[in-house]
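So for the sequence shown, our numbering puts the first residue at 2; every next one is plus one.
These are computed hints drawn from the structure, not numbers from a lab.
Computed from a predicted model, the values in this text were never measured in an experiment.
Accuracy of the hints is not assured; some may be wrong.
Stated by the list, open to error - 20 Å max Cα-Cα, derived EDC-like pairs, lysine to aspartate or glutamate:
(1) K171 x E146
(2) K30 x D115
(3) K113 x D208
(4) K114 x D208
(5) K46 x D35
(6) K97 x D254
Said to hold, decoys possible - Distance ranges between label pairs, derived from CB positions:
(7) L261 x A222: 29 to 35 Å
(8) D47 x D115: 19 to 25 Å
(9) K27 x D115: 17 to 23 Å
(10) R102 x K203: 37 to 43 Å
The C-beta atom is built at its ideal place from N, Cα and C for all residues, glycine as well.
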Amino acid sequence: MYAQEDVTLDVPPVIEAPKADLSELKHTKSGKIDKIIDALTIVLKDGTIVRLASLDLPDFHIRDNAPLSDSALTLLQEKLPERADVMLYQTRNPKKGRVNRMNHQLAHIVIKKDESWLQGLYLANGLARVYTAPTDTSMLSQMYEAEKSARKNKHGLWGKDSNHRILSPKQTPDYIGDFVVIEGTPLNTATVKNNIYLNFGKDWKTDFTVQIPSTLRKKFAKENINALSLAQQPIRVRGYLRDYNGALIELEDTAHLEILQKPTEQPSLAE
2 MYAQEDVTLD VPPVIEAPKA DLSELKHTKS GKIDKIIDAL TIVLKDGTIV RLASLDLPDF
62 HIRDNAPLSD SALTLLQEKL PERADVMLYQ TRNPKKGRVN RMNHQLAHIV IKKDESWLQG
122 LYLANGLARV YTAPTDTSML SQMYEAEKSA RKNKHGLWGK DSNHRILSPK QTPDYIGDFV
182 VIEGTPLNTA TVKNNIYLNF GKDWKTDFTV QIPSTLRKKF AKENINALSL AQQPIRVRGY
242 LRDYNGALIE LEDTAHLEIL QKPTEQPSLA E
């Protein structure tokens, strides 16, 4: 496991959020800021607690401050002073993806004054990674584009000295238990009990593997992706690593696997 105190971040001057096309979402509420609880959570004057949807801050913890979450919190405080007007945009499905288990509203937040999209602001500045829930993948392509820009320019968590950058399959044993982004090329694929396995080494019992559960096979098919054909195809995956016959990610959603058409935009930590 990495030591957070060793992390060095390359945080540039604040980059403005990309303009967002919010047509995938529904404007469900407007309100004024009462207070900011943490880098991912705000409270409106009417008492509504709002959690920024579809983001992962690698070093975020509700009890301990760390470099990335500190920078994100500072940026949020600058952008959202008390009584600032914001608009909430949520998934169009009112039954799924709008509320978390704490009964907080999950939303994309737009600052009314300048129409800044907070998710895009975090991602463009390299302060967060995309982490959508299976119940709501709205804005996925736009979020990936903002993340890609920060990665290309080595901002924030993608900086040259950051421990949160893209991993290679060989580095995965050191990050068991963490949410990670990994790039590599599966050597082969296999089907076991209707689950698909993408094997990144010659020994599936010890090397990195991506498990695609049977529940996702139909969803991949709807997206015209044959998961069994991903052998020798460069991909980027994200998820939590666990130790099961080597390091393994059980894919939570098709949105967490990207098929790459060219080599990685930046070297891995190993390089």
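- Query: Taking only the CA atoms, is the gap from K113 to D208 under or equal to 20 Å?
  - Reply: violated (49 Å)
- Return holds or violated for the Cβ distance of R102 and K203 against the range 37 to 43 Å. At roughly 41 Å between Cβ atoms, K203 and R102 fall inside 37 to 43 Å, so the hint holds.
- Between D47 and D115, does the beta-carbon spacing fit 19 to 25 Å? holds (23 Å)
- Item | Range hint compliance [Cβ, L261 to A222, 29 to 35 Å] | violated (21 Å)
- Is the straight-line distance between the alpha-carbon of K97 and that of D254 20 Å or less? Holds: K97 and D254 sit about 15 Å apart, inside 20 Å.
- Query: Regarding K27 and D115, is the given constraint of 17 to 23 Å on their beta-carbon distance met?
  - Reply: holds (22 Å)
- Message: With the threshold set at 20 Å, check whether the alpha-carbon distance from K114 to D208 stays at or below it.
- Response: violated (50 Å)
- Query: Straight-line Cα separation of K46 and D35 no greater than 20 Å?
  - Reply: holds (5 Å)
- Query: Does the structure keep K171 and E146 at a Cα separation of 20 Å or less?
  - Reply: Not OK: K171 and E146 at ~26 Å, beyond 20 Å, violated.
- Starting from K30, check that the Cα of D115 is at most 20 Å away, please. holds (17 Å)
This entry does not satisfy hints 1, 3, 4, 7, going by the numbered hints stated previously.
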